[in-house]
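Note that the protein sequences, when read in sequence, are chains A and B. Take the position in the first sequence, starting the count at 1, then add 58; the result is the number in my numbering. Take the position in the second sequence, starting the count at 1, then add 47; the result is the number in my numbering.
None of these hints come from the bench; they were simulated from the model. Just so it is clear, the structure is predicted and the values come from calculations on it, not from any experiment. Any given hint could turn out to be false.
[As the list claims (entries may be wrong)] Each computed BS3-like pair below joins lysine-lysine, with the alpha-carbon atoms no more than 25 Å apart:
hint, chain 1, residue 1, chain 2, residue 2
1, B, Lys105, A, Lys94
2, A, Lys157, B, Lys162
3, A, Lys94, A, Lys77
4, A, Lys110, A, Lys94
5, A, Lys80, B, Lys96
[Said to hold, decoys possible] For each label pair, taking beta carbons as the anchor points, the in silico distance ranges come out as:
hint, chain 1, residue 1, chain 2, residue 2, range
6, A, Leu141, B, Lys162, 17 to 25 Å
7, B, Glu62, A, Ser168, 28 to 36 Å
8, A, Thr71, B, Ala64, 29 to 37 Å
[As the list claims (entries may be wrong)] Stretch by stretch, here's where chain B covers chain A in the computed footprint (C-beta under 8 Å, at least three residues):
hint, segment
9, 127–141
10, 151–163
We put the beta carbon where it would ideally sit given N, CA and C, even for glycine.
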Amino acid sequence: DTAVSQTPKYLVTQMGNDKSIKCEQNLGHDTMYWYKQDSKKFLKIMFSYNNKELIINETVPNRFSPKSPDKAHLNLHINSLELGDSAVYFCASSPGGPKPQHFGDGTRLSIL
Amino acid sequence: AQSVTQLGSHVSVSEGALVLLRCNYSSSVPPYLFWYVQYPNQGLQLLLKYTSAATLVKGINGFEAEFKKSETSFHLTKPSAHMSDAAEYFCAVTDHGSSNTGKLIFGQGTTLQVKP
Chain A
59 DTAVSQTPKY
69 LVTQMGNDKS
79 IKCEQNLGHD
89 TMYWYKQDSK
99 KFLKIMFSYN
109 NKELIINETV
119 PNRFSPKSPD
129 KAHLNLHINS
139 LELGDSAVYF
149 CASSPGGPKP
159 QHFGDGTRLS
169 IL
Chain B
48 AQSVTQLGSH
58 VSVSEGALVL
68 LRCNYSSSVP
78 PYLFWYVQYP
88 NQGLQLLLKY
98 TSAATLVKGI
108 NGFEAEFKKS
118 ETSFHLTKPS
128 AHMSDAAEYF
138 CAVTDHGSSN
148 TGKLIFGQGT
158 TLQVKP
């Protein structure tokens, strides 16, 4: 069983569209994260939830909205997609605090 | 603010040679330190972590890293490279101020190439 799974794996869409990426973890972890990896492979934290509560909210455009219906799921909704949103988005989970994080395989978002 | 520097965006070694990937952090208080590996089209996988126990940390796949407070470094090494080690390697830190959230700050990454 995949520990942290993201869907879809690839997402190709046009500028201005709205899209969502889903993430689920079956590790029983309390904390989940979204990271963005740009074309130069640089990774940056976007959001984090602990038991459905938002605990990290970095400087991210308001077009990005995370939602955590329960502690096993963290979804990312993006409105009015722009060319600069093209990237690989990674979901991760951990027991919390400075414990190691487990990553999904990523969602490659391409904006045409 | 905490930062992480990985010296060398590309490292090339021959199969069987020593691997040395460099990582320096900026905090005056030793943070929690991690090395992750990313194989093509995959997510990140934890290699090893330092959490203020032993300064020499052993990880998976024969990798190890040594924490040196005086040099604010956490360099990753492997005595003998395998072709399968070719990947992207990331050093990351969580400082004590962010330890409750687990916020990871990543270095720029180092691409390891292993030549036959």
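Checked hints:
no.	hint	verdict
1	B/Lys105 with A/Lys94	28 Å, violated
2	A/Lys157 with B/Lys162	34 Å, violated
3	A/Lys94 with A/Lys77	15 Å, holds
4	A/Lys110 with A/Lys94	20 Å, holds
5	A/Lys80 with B/Lys96	28 Å, violated
6	A/Leu141 with B/Lys162: 17 to 25 Å	37 Å, violated
7	B/Glu62 with A/Ser168: 28 to 36 Å	35 Å, holds
8	A/Thr71 with B/Ala64: 29 to 37 Å	44 Å, violated
9	127–141	violated (count 0)
10	151–163	holds (count 11)
Of the numbered hints given earlier, the model fails hints 1, 2, 5, 6, 8, 9; all others are met.
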